[in-house]
Amino acid sequence: MIPLVLAEPGEENIILRVGGSPETKKHLEDLGFVAGGSVTVLNTIAGNLIVNVKESRVAISREMAGKIMV
Amino acid sequence: MDKQIRIALAGNPNSGKTTLFNKLTGSNQFVGNWPGVTVEKKEGKLIVDKEVVLTDLPGIYSLSPYTLEEVVARNYLIEEKPDAILNIVDATNLERNLYLTTQLTELGIPTVIALNMMDLVKKAGDTINIKELSRQLGCPIVEISALKGQGVEEAARAAIAAAKTGKTVPQHSFSGPVEHALAHIEEVTVHNLPEEQQRWYAIKMFERDEKVLEQLKVPADVRAHIEKDIVAAEKELDDDAESIITNERYIYIAQLLKGIYKKKGKGQLSTSDKIDKIVTNRILALPIFVVVMWLVYALSMGAPIGDGGIAIGTFLTDWANDVLGGAWLTDGSRAILESWNVAPWLVGLISDGILAGVGAVLGFVPQMLVLFLMLCILEDCGYMARIAFIMDRIFRRFGLSGKSFIPMLVGTGCGIPGVMASRTIENERDRRMTVMTTTFIPCGAKMPIIGLIAGALFGGSTWVATSAYFIGIAAIVISGIMLKKTKMFAGDPAPFVMELPAYHVPSWGNVLRGTWERGWSFIKRAGTVIVLSSIVIWFLSGFGTVNGRFGMVDELYEDETVVTDEYVTVVADRMGISEDEVEPMDDSILARVAQPVSVIFKPLGFGDWKPTVATVTGLVAKEEVVATFGVLYNFQGEEAAAIDEETGEVLLDEDGNPIMEEEELEENGDQIWENVESDFNAFSGGHGRLAAYSFMIFNLLCAPCFAAIGAIRREMNSRKWTWFAIGYQCGFAYVTALIVWQLGRLFVGGVNVIGLIVALVLLAALCYQLFKPYKEATTLTVK
Chain A
586 MIPLVLAEPG EENIILRVGG SPETKKHLED LGFVAGGSVT VLNTIAGNLI VNVKESRVAI
646 SREMAGKIMV
Chain B
19 MDKQIRIALA GNPNSGKTTL FNKLTGSNQF VGNWPGVTVE KKEGKLIVDK EVVLTDLPGI
79 YSLSPYTLEE VVARNYLIEE KPDAILNIVD ATNLERNLYL TTQLTELGIP TVIALNMMDL
139 VKKAGDTINI KELSRQLGCP IVEISALKGQ GVEEAARAAI AAAKTGKTVP QHSFSGPVEH
199 ALAHIEEVTV HNLPEEQQRW YAIKMFERDE KVLEQLKVPA DVRAHIEKDI VAAEKELDDD
259 AESIITNERY IYIAQLLKGI YKKKGKGQLS TSDKIDKIVT NRILALPIFV VVMWLVYALS
319 MGAPIGDGGI AIGTFLTDWA NDVLGGAWLT DGSRAILESW NVAPWLVGLI SDGILAGVGA
379 VLGFVPQMLV LFLMLCILED CGYMARIAFI MDRIFRRFGL SGKSFIPMLV GTGCGIPGVM
439 ASRTIENERD RRMTVMTTTF IPCGAKMPII GLIAGALFGG STWVATSAYF IGIAAIVISG
499 IMLKKTKMFA GDPAPFVMEL PAYHVPSWGN VLRGTWERGW SFIKRAGTVI VLSSIVIWFL
559 SGFGTVNGRF GMVDELYEDE TVVTDEYVTV VADRMGISED EVEPMDDSIL ARVAQPVSVI
619 FKPLGFGDWK PTVATVTGLV AKEEVVATFG VLYNFQGEEA AAIDEETGEV LLDEDGNPIM
679 EEEELEENGD QIWENVESDF NAFSGGHGRL AAYSFMIFNL LCAPCFAAIG AIRREMNSRK
739 WTWFAIGYQC GFAYVTALIV WQLGRLFVGG VNVIGLIVAL VLLAALCYQL FKPYKEATTL
799 TVK
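Chains as they are written, first to last, in this note's numbering: chain A, 586 to 655; chain B, 19 to 801.
Bound conformation, chain A alone (with noise of 0.2 Å):
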């Protein structure tokens, strides 16, 4: 289990947890960002990344990014 910012870009991964706190997981969530779904980092620059998850494309902050777990 590693968080999203060290997954490899272009590789299509599986979420197994989100954390946070619960406004901070409940957002994740709500984009889309559940666990036993799917997500590619697209794109990183700066450790923000652009990940493809339920085909839309979110940017996503470091912080963020290192509460999913994949």
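Treat the hints as calculated values from the structure; they're not laboratory data.
One or more hints might be untrue.
[Stated by the list, open to error] Per the computed footprint, the stretches of chain B lying under chain A, defined by three or more beta-carbons under 8 Å from a beta-carbon of chain A, are:
{"hint": "1", "segment": "75–84"}
{"hint": "2", "segment": "104–114"}
{"hint": "3", "segment": "397–409"}
[Unchecked claim] Covered stretches of chain A, as calculated for chain B (at least 3 residues, CB under 8 Å):
{"hint": "4", "segment": "597–609"}
{"hint": "5", "segment": "621–634"}
Glycine included, each C-beta is placed from N, C-alpha and C at the ideal position.
Got chain A; can you put chain B on it based on the hints?
Structure of chain B alone, referenced to chain A:
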């Protein structure tokens, strides 16, 4: 019809809601290819049936209580109970969109799905079995293309029909333990609510939704009772209640779509992804961004066409200022009014007061429109969201978000649209901080001040202008770091999470609509604030008491019985100038007020009435600082023979004498440089350069012009915050200028011990605030 039908339009951000709303109601709301354009709800009447009111709700991902948009949307749906919900669903992103749909169907309100962007799905070769999807979800589905206007009428009619007769029952259910708990909760708490709403409330209570628990005033013992059920379910499913519900919704949707949604090419990169591979590439992102921004800047605010540049904006603005503002508005109106024999004071008020002031601001309009046009194109095609993403890591270091970049960029041209551009920042804390710091960037109107100081005291050195930008940027960085450690801005930093819209070719109608909306906002601002402040300054500088008589000072000074020699001596004494320097303006209300007020600026090194007046008039428009100096430092346009611009020959009148005309004050005021230099040297005890630099710093950083203050007021939407912003800016400017002046004298001589101590204390306080440890919050908190 007895009762008006109300339909709510709900859906994910950037799913085309506002476009559909415009198509259905014929209204003209601006649509952004940027999530979160609609924050408040908007209402309109349907074109197909004027009896039906459509409400455009903000874009939401769910009905949780965590973001402002979600709270606005769900309060409307629960409390106002619209007759039907038209749920717009982006077909290219079905899973995430249907996640909201599952929640909407639980509300007990008839729901119709408008399946948007089906054309894109078909183009990609994918298929969706709409009939089956409709059956499984339990609500009618209409295929539409909001952009092209296809199917929107049918969608509206379906929603009206649903409002009259329809009923939507949620078709999905949760796993055994959850359903078991839900049944219990329904039994003990919500059985007295309308039947169709019971399920939604029960689910929310299962999620421990504080807002719902508060609203229903669930007694503590009942809460404890249902808590047992929730904990039991949580234990069995090994997750917290909210996540259980969320997960099960997604699992349900995934199963639902299995047989219904057939994808042709799986795992392929879309065109958007391919563009992103280049545009947000870790090496290329910044260079591409710099080129794009350079283009935007060069086209709107750079050197004008015909002057080595490509700026359409500057070209048009120069024309507007010289021809429209200068010649037609001011001189033209003066000629007309004089020909009507209007009283001179009224001519002065209208031509020099109102029209000159308004003209100066309206002159910026072409430039602003070109800039807005370009920014709207960037926004509409989807690049703007990427800019925010690229700049986020840099801006985050000093407490701002990547979304603060655009306001600051726009601010280099003019602070007003800069402040207005902060509207796209959803997080209130980030928005406020951006609004407060944007005007630190030297705007176009501050350039003449820099030119004047550089020219008069620094021999035209270019480092003055360079340092001005550096000071502006440093002020933003320092303010950001200091403010994020204060109570007001702490605890609320928004980690960057933003959906990136797919790139598309900008729609011209939308781009022009957005440009006009912002441009018009700017014009309206100029029309109200500037008119008022122009009148006030005109009055204060034109009227006063001369030797006991009140009136227009210019007129009173022509009367030798009023302005006696002794009186001139009195005025000269009061102002600390020689008798032949006495001017009508010295008796104006403005000068009289400014003289004692100037004491405030003594610790900054320019405690003299002339710089004080200039600073105050700078509030009307920053260009006024130089104009005021022109008046105060005795600039008399020297008469010179008029020269034909084309032939270079001296123009002659009928009698063969050369026509004389007054020389105009240059923009950077080079004719008065000598006077300014000697005066600054005189009142600062020989440290004119330092005093002038301190003066420049104060004027660059202090409260912006009235028009920009008006914009701040509007974006802050709070009197308290507006005053706080202005107070902070002035305070910061004062402290910075004071430190520069007092510490500077350590090097040039003439140290004032008390002043030095104060400066050192302030510097220490600044450094403490800058370097004190601070723990960055990583949670997303929304009030």
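Quick rundown of the hints versus the structure:
no.	hint	result
1	75–84	holds (count 4)
2	104–114	holds (count 5)
3	397–409	holds (count 5)
4	597–609	holds (count 7)
5	621–634	holds (count 9)
Checked against the numbered hints above, the structure violates none of them.
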